[in-house]
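Chains as they are written, first to last, in our numbering: chain W, 163 to 245; chain H, -18 to 470; chain A, 43 to 272; chain B, -7 to 105.
For the record, the hints were derived by calculation from the structure and aren't laboratory data. Accuracy of the hints is not assured; some may be wrong.
What the hints assert, rightly or not - Going by beta-carbon spacing under 8 Å, a handful of chain W positions derived as facing chain B:
#, residue
1, Val172
2, Met173
3, Ala180
4, Asp185
5, Ser193
6, Leu195
7, Pro210
8, Asp211
9, Leu223
10, Lys236
11, Glu240
What the hints assert, rightly or not - Okay, derived cross-link-like pairs now, BS3-like style, lysine-lysine, Cα gap no bigger than 30 Å in a straight line:
#, chain 1, residue 1, chain 2, residue 2
12, H, Lys411, A, Lys82
13, W, Lys236, B, Lys99
14, H, Lys31, H, Lys411
15, A, Lys77, B, Lys42
16, B, Lys41, A, Lys82
17, B, Lys13, A, Lys74
18, B, Lys99, A, Lys82
19, W, Lys236, H, Lys132
20, H, Lys132, B, Lys41
21, B, Lys99, H, Lys132
The beta-carbon is built from N, C-alpha and C at its ideal position, and this holds for glycine as well.
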Amino acid sequence: MIFVTLLVLVMLASAISACVFRDLLNALIASCLVSLIASILFYFLQAPDVAMAEAAIGAALTTAIFIIAIRRTKRYEEDEKNN
Amino acid sequence: MVNPVLLIVVPLGLAFAIPLFGFISKRIEKYIPLTAMLFNLIVSLLLIPKALQQPIVVSIGGFPPPFCINLVAGPVGILFSAIIALVGLLVSVYALDYIKQGATGEYHILYLLLLVGATGVVLTGDIFNLFVFFEILCISSYALVAHSGDKAGIESAVKYLIQGAIGSSLILIAIALLYGLFGTLNMADIARNIDSVSSISVFVPLVLFITGLGVEAAIFPLNAWLPDAHSSAPSSISAILSGIAIEVGIYAVARVIFTIFGAQSILLFLLLLGILTLLIGEMCAFSQRNIKRLLAYSSIGQIGLILFALGIATHSGVVGGLFQIISHALSKALLFLAVGYMIYRTGSLEISTLEGMGRKMPLTSLAFTIGAFSLVGLPPFVGFPSKFLIVRAALIAQEPLFVVLIALVLLGTIIEGAYFLRIVQVLYFKGEKSNSKIEDAPIVALIPIFILMLLILIIGIYPKLLTGVLNSAAGEFLNRVGYIKSVLG
Amino acid sequence: MRRIISILLLGIVALGIILTLVKIPFGVSKTKVGKYYIDKGVEETGVTNIVTSVVVNYRGFDTLGEVTVLFIAALGLGAVLSTRKKKVKRKVEPASLILYTGCRFLFPLILLFGVYIFIHGHLTPGGGFQGGAIVASAFLLIYLGSRERRIGERGTKAIESLGGLIFVVVGLAGLVISGYFLRNFLPKGIPNLLFSGGIIPIIYIAIGFKVGSELAGIIDNLGGAVSRLS
Amino acid sequence: MIYYLGAFGLIFIGLYIVLVKHNLIKVIIGLSILNTGINLFLISIGFVKKGTAPIFSHPGLKAIRMVDPVPQALVLTAIVIGVAVLALALSLAIRLYQHYGTLNLRKIREQKW
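All chains, please: the whole structure from these sequences, using the hints.
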């Protein structure tokens, strides 16, 4: 139970850091971590099918297409103040 | 016996097959949506007599109803699928010539799948299945709005996608809550058990549903995407989005409120939202100089009117609302189709460039005029009986509030009349007799325009043609117990 | 300002959901539909992985819709990214030898694993979507290892279409034979054997190929266009 | 209970990112976090304490205390739909960047409301 709590906390922390990071690549890696931990949680919740789908689609493929998209656009988020 | 599942499956199969046909010949691709919609129209018309007697309930996979997905082809479902097939057929005929550039193969597949999604939403009897078909409808419309690939198209597609994605997330949360509360996803099964839990915990999923579906239905605070998306999509797609997609959204809202939740308490709120949507839409439309944006705002106004009629929630009110859905689908499709070629010929979206079109493109201008008059509600067009029914329904409900509201509806109609008459005036009575080389739309595009004009006239003169279907459709919406009984036995 | 409004809005939504959630206790079985599937699933479909039987048979229509959604996304992406510009071949820096060799070595293994996952979808965890995603990640490796080598667009398109058509045709066959769309009309076989479950493995394999080629096509379209657009 | 909390947290962080952030790619990341949160929420609704996965991996297994298979099936669908929307959104983002040279949604205001 403590382990699960710890995982959930790490997941929430990385979700928040995905929100905070200016560098989109870092934010992306944080959100990838969210998916990965979610897939572990799915496994604990006795849903191996979903865990597999989340790991393969949510964590791996999504991150890959995000990286491709970021490479073709811009890596850094602009400052929000001067708009 | 004809099975309603064919209405969804056959067009879907044909859509999957289009790339394969494309290998044989690129020319075949564009005739497939036409064939599929013709098939759907025929099947819908064949099913009408049977559906009027009793809703046709088809279970998929052959298991008893709450344990599998089932389709309910009642009067409402068949009525909507017939409208979708009709408008879809006419617009696909129009698109034969209109869509020439860009990824045409993709256009035809996405177009067909959009219609499949719409048909699925109106026929399904399962709440998660409704979500899936709704996503098919939404995602294909995001892609089609961006189809032209120009600045405006991409920008409005992005806006539409973000708002739509938030909306569908809310729907998914609502489905999760409902599943947690009732342990089932079948609409009739949920409706049967809805009174067994306290009203506050049912209220939250209801609000989430209305908010989520309201994005697609363009109810007032959630309609920021609509003017952009409808005005920057290709005109044939604007016709489908205005004529079908938002109506399907309204259908889903009505189905959730009337059938699943049976929520009488929220109807007054819906009524006021409808009035607000109507007035804001018409007011914004009045101040537009871009013709397609004007039509898009006018769609918002019409959605408000439909919502108002459904919110009255008496038998005649719902009949009026459904009739208004039909009349809006036909008239707005006609308007967008007519405007499509005017824009194509002049190359500009400004109303002022349409001066003198009445002489240069007489048939298209005539079509525009008829569509505009029908939307305003002038006899003998289809808009007149539908608006008349709504006003009468509000008056015989005998509530003092409705009288005030109906005055606001009439105010909206006056604004609508003002801006449409302004355009008609621009079309016919302005501009010098220039010797321009603008020619009328090609014959392939004029055929669907002509058929729509004819339908608007015929139904406007003989509204009784539809009363049977409309009455039983309104009955299906208002009779929850009957719906539950017909599905679960 | 915008931030405060958003947080207020979220607070209202959160409060509402919590009010409902009080009625849904955690960890208590509250379903009747799910219980029916667990009790009758093996007997009715001949499949030991109940999730598969729900995905492909009981709620197979959802899955048909879902496959369609992915199809739309792949097509829409192609339509959005297709430009009328001429194809400009930009010189792509070759990947390092280690990456290239590693990718070539891993590619068949990953492919095999993906195919295994979706062939055994009705017996063990996994199925068409998971296996398809794994197959697509094998193609991702190819994309990383050697960028010039592109996947044949005609091939992926044909597989996509055929996968979808097989799904629809199997469903229609059920309609013709027994009167219900997607009815499991083939013999169910003995549970826990590879050849069991009637139409379910057939559909899941079709989905696997379809999803794999669609996701590979998405990766290819998103990334491959780099060398075309310059 | 902790699962509900985690799912909630993800849903609200995701919604917050979508509503507040200006960068389109950031917004799409928010959507993906939102999706993950909803999926986790659905699965935890279907969980049964001390339950096993709904797979009869050997013939002797009894059907008592299995977790609900339906939310798992729904989540499989939702994951695929989520990735479809994501891919389309990213392709739109790439095109938007080609047209405007920026991903800041506040700066892209060609069309007025």
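- [ ] Double-check W:Asp185 for me: the hint is only fine if its C-beta lies closer than 8 Å to a C-beta in chain B.
- [x] violated, 11 Å
TODO: Could you grab the alpha-carbon distance between H:Lys411 and A:Lys82 and see if it respects the 30 Å cut-off?
DONE: violated, 74 Å
- [ ] Return the status of the interface hint for W:Glu240: holds when the least beta-carbon distance to chain B is below 8 Å, violated otherwise.
- [x] holds, 5 Å
Open item on the list: For a C-alpha distance cap of 30 Å, please report whether A:Lys77 and B:Lys42 respect it.
Closed with: At roughly 16 Å apart (the allowed maximum being 30 Å), B:Lys42 and A:Lys77 satisfy the hint.
Task: chain B contact restraint for W:Leu223 - C-beta distance below 8 Å - done: This interface hint holds because 7 Å falls under the 8 Å limit.
Open item on the list: Restraint: W:Pro210 near chain B, CB-CB cut 8 Å. Satisfied or not?
Closed with: Because about 5 Å separates W:Pro210 from the closest Cβ in chain B, which is inside the 8 Å limit, the hint holds.
Open item on the list: With the threshold set at 30 Å, check whether the alpha-carbon distance from B:Lys99 to H:Lys132 stays at or below it.
Closed with: holds, 14 Å
- [ ] Sort out whether H:Lys132 lies within 30 Å of W:Lys236, counting only the CA atoms.
- [x] It holds: about 18 Å lies between the C-alpha atoms, which stays within 30 Å.
Open item on the list: Would the hint linking H:Lys132 and B:Lys41 be met if the CA-CA limit is 30 Å?
Closed with: violated, 53 Å
Task: Agreement of B:Lys13 and A:Lys74 with the hint, judged by alpha carbon distance not exceeding 30 Å - done: Since the Cα atoms of B:Lys13 and A:Lys74 sit roughly 42 Å apart, the hinted pair is violated (cutoff 30 Å).
Open item on the list: Checking one constraint from the list: CA of B:Lys41 to CA of A:Lys82, max 30 Å. Satisfied?
Closed with: holds, 22 Å
Open item on the list: Can you confirm whether the C-alpha distance between H:Lys31 and H:Lys411 stays at or below 30 Å?
Closed with: Distance of about 52 Å is beyond 30 Å: violated.
Taken one by one, the earlier hints fail for this structure at numbers 1, 4, 6, 12, 14, 17, 18, 20, listed in ascending order.
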